[in-house]
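Trainee: Each chain, letter by letter, is given below.
There are 2 protein chains.
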Amino acid sequence: MTTAQHTPKLTARGAATRTRIVAATADLVREHGAAGTSLDDVMAASGTSKSQLYHYFANKDDLLRAAAWQQTDRTMEAQRPELDQLDSLAGLRRWRDKFVTAHDEAGNVGGCPLGSLASELADGDPQTRTVLQKCFTAWASPLLMGLTAMRDQGRLRPDADPDALAEAIMAALQGGLLLSKTYRSSRPLARALDMAIDHVASFSTVPEAAVADRSTGTAAAKV
Amino acid sequence: MTTAQHTPKLTARGAATRTRIVAATADLVREHGAAGTSLDDVMAASGTSKSQLYHYFANKDDLLRAAAWQQTDRTMEAQRPELDQLDSLAGLRRWRDKFVTAHDEAGNVGGCPLGSLASELADGDPQTRTVLQKCFTAWASPLLMGLTAMRDQGRLRPDADPDALAEAIMAALQGGLLLSKTYRSSRPLARALDMAIDHVASFSTVPEAAVADRSTGTAAAKV
Chain A
1 MTTAQHTPKL
11 TARGAATRTR
21 IVAATADLVR
31 EHGAAGTSLD
41 DVMAASGTSK
51 SQLYHYFANK
61 DDLLRAAAWQ
71 QTDRTMEAQR
81 PELDQLDSLA
91 GLRRWRDKFV
101 TAHDEAGNVG
111 GCPLGSLASE
121 LADGDPQTRT
131 VLQKCFTAWA
141 SPLLMGLTAM
151 RDQGRLRPDA
161 DPDALAEAIM
171 AALQGGLLLS
181 KTYRSSRPLA
191 RALDMAIDHV
201 ASFSTVPEAA
211 VADRSTGTAA
221 AKV
Chain B
1 MTTAQHTPKL
11 TARGAATRTR
21 IVAATADLVR
31 EHGAAGTSLD
41 DVMAASGTSK
51 SQLYHYFANK
61 DDLLRAAAWQ
71 QTDRTMEAQR
81 PELDQLDSLA
91 GLRRWRDKFV
101 TAHDEAGNVG
111 GCPLGSLASE
121 LADGDPQTRT
131 VLQKCFTAWA
141 SPLLMGLTAM
151 RDQGRLRPDA
161 DPDALAEAIM
171 AALQGGLLLS
181 KTYRSSRPLA
191 RALDMAIDHV
201 ASFSTVPEAA
211 VADRSTGTAA
221 AKV
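Chains as they are written, first to last, in my numbering: chain A, 1 to 223; chain B, 1 to 223.
One thing to keep in mind: the hints can contain errors.
To be verified - Examples of chain B residues lying across from chain A (beta carbon under 10 Å, computed):
| hint | residue |
| --- | --- |
| 1 | Ser180 |
| 2 | Tyr183 |
| 3 | Leu193 |
| 4 | Ala196 |
Hints in this document: simulated from the structure, not taken from any laboratory.
The structure displayed is predicted, hence computed values, not measured ones.
Each residue gets a CB set at the ideal place from its N, CA and C atoms; glycine is no exception.
Taking the hints into account, I'd like the entire structure generated from these sequences.
Mentor: Following this line, the structure appears as structure tokens:
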């Protein structure tokens, strides 16, 4: 999914300008929050005029919604190719390892840009809330697809609910990122994702794999 | 724990004034965020003067730290007595049920006031970050104590790590609250806490209880 999908047809030049505005907004919001980002800041950072800005966006909310999509794209892109290989416990562990390592390497600051936006904006404009819902759903969709494949192929028990598992993993991820940002350590994120993947493993029909995962309590890719 | 523990000795009248300022700040920050709350707003809401404000607080950061403690007190108080009875799976389920029901009854808005503050402030002032860490640690301490008792009494396996489990539960709680606020539904919160408590149950040495929990996939208090 790309932000281009959410916009009307534009000329190549128009699309480039719009992309520049959205990218600048996403950067600014990530750094200063939505409340701390003005349209003047966006114009300065993107080198665009007010008339250009209002040509592409109805208002600040509209721009923030585009920035939320942009942030979702970036977040998902950074997790590839692991994000597209979540149809096994080993794949989930590899994704977890990549995610935790990346957060560690970034100094455990910033948390989740999409989570921060949701924290700030979800109680406000309903249209923005709907976009935030769609962003989380899009991000969780590779989880949902992988877990569904595992269940449909009999590698998870029939009573495993891929939708519930995917949402619980996303909750663990979001809470883990918030606590890791607060403690400046990847420890909470790692523990939260280990819990979530161990929970998936508890539905595994491959007993030795599930036991191996559980007994070590680590996140090494074993299955 | 009360905010009084974190402040120097005051006269009864001074303490009341300080409490009024902190309560007003916590209310405003919960509604408008830290960036959206000015000292003028606090003075107006608490009926205090600038000299009174600066008598008790060095600056806005100092006031925000007191508000974080206040919010932690309120959050923990709202979960009692269940929060103090977390030394069994049944106790954890009762706490979960109370928490989810309360969030539902509140319309699934607002998320976690402490989590929202952390999302906004954890990357800023280091002293504030330290207080936010302490607030989360304080909130998680009843979980840690309950899980430690369960392990020490042999109701959880010796390889259960109460510290890791408590932190993972707090992550599930925070992420669940953020997603529930975004989706305006207690579903993500309920799923995240069910996952977390099922994970604790996977360490239970009381097999029938653990199996009963797992097989239903619900959060009813059974153990």
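Trainee: Now tell me, hint by hint, if it's right for this structure.
Mentor: Taking the hints in turn, this is what the structure says about them:
Taking 10 Å as the C-beta cut-off, the interface hint given for Ser180 (chain B) holds, the closest approach to chain A being about 9 Å. For Tyr183 (chain B), the shortest C-beta to C-beta distance to chain A is roughly 6 Å, which falls under 10 Å, so the interface hint holds. Against a cut-off of 10 Å between C-beta atoms, the interface hint on Leu193 (chain B) holds, since the closest Cβ of chain A lies about 9 Å away. Interface hint status for Ala196 (chain B): upheld, as the beta-carbon distance to the closest one in chain A is roughly 7 Å, under 10 Å.
Of the numbered hints given earlier, the model fails none.
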